[in-house]
Structures are given as C-alpha cells and as structure tokens.
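Counting in UniProt numbering, the sequence shown runs from 1 upward without gaps.
Keep in mind that the hints were calculated from the coordinates and are not lab data. The reader is advised that the hints may include incorrect statements.
[As the list claims (entries may be wrong)] Between beta-carbon pairs, the in silico distance windows are: (1) L509 / Q319: 30 to 40 angstroms; (2) P261 / R110: 40 to 50 angstroms; (3) T351 / V374: 25 to 35 angstroms; (4) D169 / A81: 47 to 57 angstroms; (5) E544 / V374: 21 to 31 angstroms; (6) G69 / F122: 18 to 28 angstroms.
[Said to hold, decoys possible] In silico BS3-like pairs for lysine-lysine, Cα to Cα no more than 27 angstroms straight-line: (7) K421 / K336; (8) K195 / K226; (9) K506 / K469; (10) K176 / K292; (11) K400 / K467; (12) K400 / K364; (13) K400 / K469; (14) K292 / K211; (15) K226 / K302; (16) K421 / K353; (17) K469 / K405.
Treat the numbers as computed from the prediction; the structure is a model and nothing was measured. The beta-carbon is built from N, C-alpha and C at its ideal position, and this holds for glycine as well.
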Amino acid sequence: MNRMNNVILKDDQFSRFDEKIEAIIFEIILKHIKDLIYVMKVEDNGGFSYVFLNEEAKGHAKLTDDSIGKTLHEVLPLETANHLDEQYKSVMEKKEPVSFQDVVILADKRIVHGESILTPIFDDNGDITFIVSVTRDISARVADKEMITYMAYHDPLTGLPNRSSLKKDLDNAVEKAEMTNQNLALMFIDLDRFKFFNDSMGHVAGDHLLKAVGERLTSISEKSYKVFRQGGDEFIVILPNTSRELSEQFAQNVNRAFEKPFRLEAKEFFISASIGISIFPTDGSDGDSLIKNADTALYRAKELGRSLYQFYSFDLQKQTTHLMQLETGLRKAIEKNELEIYYQPQLDLSTDKVTSFEALLRWKHPVLGFVSPVEFIPIAEETGLILSIGEWIIQTVCRKLKQWKEYGYGSVSVSINLSPKQFQQPELVTMIQQNIEENQLYPGCLEFELTEGAMQDPKRTLQTLAKLKEIGVRISVDDFGTGYSSLSYIKKLPIDTLKIDQSFVKDVLRDEKDAAITTTIIHLAQSLGLSVIAEGVEVEQQVEFFKIMGCHKVQGYFFSKPIPEDEMVEHYLKNK
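Just need the whole structure built from these sequences, with the hints factored in.
Take a look at the structure:
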C-alpha cells in the first residue's frame, strides 16, 4: 500500500512538473514569438475584451497592461475597433477560425501589412468563451509581391509601363471612352534608324538613348496621357478625351522634341521618330485594332520618309494588306518558280548590233498577275529577301550563259543589278566567283550594275570593287547623275561603264539642261576611258543624238522592251 502511495505521489509530482514545464515553454513562446498575440474574452453583452497581450502585441500596437480587461472600443480608434469587432463577430457566427489581411498602424507610426487568424476557444457546453488572435507582419511579402507586380507591368530599362500594362490600360481607356462617348487617340512611335545607332554606338549607348527617349516623351505629355514602351525602339502613347487636331498637335510636339539633341556621355546625338496615329472609335473599336491600325499608319509614315506622322485611313489598310500579300507571296516565289528573268537588248552604236543585255527580274503572281518591280523590289530590300533573290539571279544568268555558249550562240554579255544590301555582303565576291567557275565562264561576259546609293561607304566600296575586278567581271554605275558622288570619288573607282539615267534621256531633245548634263557625262566617261550607256531611249532622234555625242550603247523601248529568254534567244542570239 505504501508502495502504491509512493507511485501515486510520484505521478502527481511528474504531473505538476509537466504542468510547470508546459507553463515555462508557453511563456517563452509567447514572449519571444514575433507574431502579435491577443486573447479576447467574449463578454455577455457580445463585446470583446483583452485578457492577454504578448510583448510583441504591446510594442507594436502601443498597448499596455492597462488594456487588460478593456474592450476593443475602449482601447482602439473607432474605425479600427469597428473593423476588428466585425471580424470577431464573424468567428462567433461561423464557430470556426477566420483569417484576414489588413493594414496595422504600429506604435512608431509605421504602417505595415498584417495577416491575422482568429481562433475560437470553446467551453464544455460548446460556447465560445475566448478568441485567440495571432497577427503576423507580412509587409516584406507584400512588398515583394508589389515589386513582382510592378516588374510584370513595367519596362526595367525605361521604367515606363510595358506591353502588359498597355493591354490592361488601353482596354480600360477604350471602355471609358465608349461609356462617355469620347474620342481616344493611340500614337505608335518608332525611332528612325535605331538599329544603325545601336550597331554603331553599342548596346549600352542604345539603352541610354531609349531611356532618354522615354523621359523626353513623358516630359512633353499631358498629365492625362500615358506613355508605354511597346518593345525594342517602339513607344505608344494613349491620349484620352482628345481630337484629331489635338493628336496632330501632339505629334508635331514629338517631332519638335526630337529636333533637340540627346546627350550621352558628353556627346550629342540626333535621332528622329516616325509616328502612326489611330482614333477611337473611327479607326478601331478595341485596343488590338487601334494598335494594329496605328502600326499600319506608322508603316506608311516610314515609307514617306523620316520624322513624319501619319493618320490611319481605310485606304492605308487596303494598301498595307496588298503589301503584306506581296511580301507573303515573294517569300515563296523562288521555290514556286514564279520569278523569271527578262532581258533588254543594248545596241552598240558603232556597229548597230546588239551585243549585250540587261537582266531584269519579273514576277508573275498566281493571283495578281505580273507585279511591277517598282512594287516588289523595295519589299525585297526591306525584308532582306533581296539577298536570296539576288543570288538566284546570278546563278540563273550564269547557267544561261553556259547554255548559250554550248548552243554556239557566240559571245554574249549580260549585266546584272546589285542591290545595296547585296553589295554589302562579305561573301558576295566569293559567290560570284564560284558561279563563274562552276559554269566555266569568261568573267568579262558579266557586268554588275551599282547605283551611287550603294556606294556610300568609300573604303568598303573600293575594297569590294577591287575584289570584283580581280576576278575579271565588269562594273558599271547605274543611274549616274542622280546621286551625289563627286567626280574625284568616281575617278578613283575601278569601274568600266557609266549608265545615263533615263530621267535625263527622256527630255534630252527638248531640255537644254538635260542635254548639257548628258553631254557632260559622255565627255567625262570618255576622258576616264569608260563606256557610256544611255537607258530609256524611246525615239530615233534620241538614238541619233547619242550617236553624235559619242555614246557607246543605248537601250530602251525604241528597240525592245525587256523580253523573256525564249524571245531573246529567237530574235537576237540565233540570228547572231
């Protein structure tokens, strides 16, 4: 029996020891935990009074031990007390924990974001007698979330709202404009020749310029306007509650702003911008259509030149659709065998015989029929398709020259136009040489025509022309007299022929200035030991004029328009 009492005694001691340990652990947790802990008693009148506050709760909420026994409304500001009272009553109604987030004003006046959970304590009858509130400071988490949200909707380089923000804000702006029956303008701004600046000055300088452009656009915008970086060197401005006239005025302000230099690392740089403008609701009923149509107008502004603005119109859309149709078709034209080379004869005035031809590209679209080179060549240049097309022309002409030689048609010379982009390609000379060697051609039967515009870089031009001359091909300057090349520059070039542009030939019999220019070009060529070809000859009197002046060759509709290969072979090569 004594032994049993001893065991019971020991069990009681252990029980009291466990309770003591639990109390100590509980006290340590409550004292050192960083959460704010409140224990609220449910009063008979439905109110809630403080019965416990840990140290964090006291320090943060500026509560003291004097708050014990007092209700929420006796301790806290009315608005805060009412808000918490609603949350506690929600626990009473649901009889389960309730969590919420709110803003907590701390004792030091700091405002933090808090996340609270209210947990009910039930008595033996199942009634809620106490509610334990645990509040955690989640300001850092909220700040991180806000930063993530900010980064998701802002461009990291310029700090401007980005494309995601544009989508959201533009949809809201359109909705508001529709509800208030107001106009809305969307301005699409693209920097002119930014790629050239970026490649020349480096990407760091390019980034600085983009940031400066964003700042300048923001500085000239009205408070109600909003500037976005669409991406790359593209910016968009939303102009709410505006008119066509005000939009045009702002576009002019943008152009004037770009007339001032941008300072980067103590250096001044100038860059212009092209602008496309669409107006809600006439040019689009939603954000996507407004952006699309402003982009269409921008494309037209780029075509017309730099530092211009253009409003969208339905005619522009038709034109753009047509151009897109051409671009899509042009990408497949080679593999579908839609491209063809026509040949225009060149008459030797000393023998009155055709001894050479100019190769001219023609495209027969399956739906549109023959498309003018004036339409599709600029598209090929802009898209870079001119490189593959140009190589195809050289390959095709070289194969034909070999074929004609094998058929015994004698010596035939063909001139091929080189585009500015082709001329800048490092592998151009190698590609030409390979085609000559593969087809076992005499290099002198090929002549490559360059415009003055393709030779803007004197050093590179001289190097490339020298390499072309090394492999034995002939070189001519096309449309001579329409560019700005100086005579001192021309005489340094290793060229063989000058081609007089048809704009001078057209009125050579009626316009003294045109006659003087053509005569000067012929005399210049003679003094430099160069051949001269007049293009665009249409009447016999023009032929006689150039023969008297000492021009070597002429070409034009007087003799023949450009013709397909089979006609050219039948009329000129077989009879030769």
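Evaluated hints:
For the pair L509 and Q319, the beta carbons lie near 37 angstroms from each other, so the given range of 30 to 40 angstroms is met. Checking the proposed 40 to 50 angstroms range against P261 and R110 shows it holds: the Cβ atoms sit about 46 angstroms from each other. Checking the proposed 25 to 35 angstroms range against T351 and V374 shows it holds: the Cβ atoms sit about 33 angstroms from each other. Taken as a hint, the range 47 to 57 angstroms is violated for the pair D169 and A81, whose Cβ atoms sit roughly 38 angstroms apart.
Separation of E544 from V374 is about 30 angstroms and conforms to the stated range, judged on CB atoms against 21 to 31 angstroms. Evaluation of the 18 to 28 angstroms hint for G69 and F122 yields a pass: the beta carbon distance comes to about 22 angstroms. Restraint check: the Cα-Cα separation between K421 and K336 comes to about 24 angstroms, which is no more than 27 angstroms; the hinted pair holds. Taking the CA atoms of K195 and K226, the gap is about 25 angstroms. The hint holds against a cut of 27 angstroms.
For the proposed pair K506 and K469, the alpha carbon gap of about 32 angstroms is over 27 angstroms, so the pair is violated. Taken as a hint, the K176 and K292 pair is honoured in the structure, with Cα atoms around 20 angstroms apart against an allowance of 27 angstroms. Taking the CA atoms of K400 and K467, the gap is about 24 angstroms. The hint holds against a cut of 27 angstroms. For a cut-off of 27 angstroms, the pair hint linking K400 to K364 stands: about 20 angstroms separates their Cα positions.
Annotation: proposed proximity of K400 to K469 holds, straight-line Cα distance about 22 angstroms (limit 27 angstroms). At roughly 25 angstroms between alpha-carbon atoms, K292 and K211 fall within 27 angstroms of each other, so this suggested pair holds. Taken as a hint, the K226 and K302 pair is honoured in the structure, with Cα atoms around 24 angstroms apart against an allowance of 27 angstroms. Proximity of K421 to K353 is assessed by CA-CA distance (about 34 angstroms); at most 27 angstroms being required, the pair is judged violated.
The hinted pair formed by K469 and K405 meets the criterion: a straight-line CA distance of about 23 angstroms does not exceed 27 angstroms.
Checked against the numbered hints above, the structure violates hints 4, 9, 16; every other hint is satisfied.
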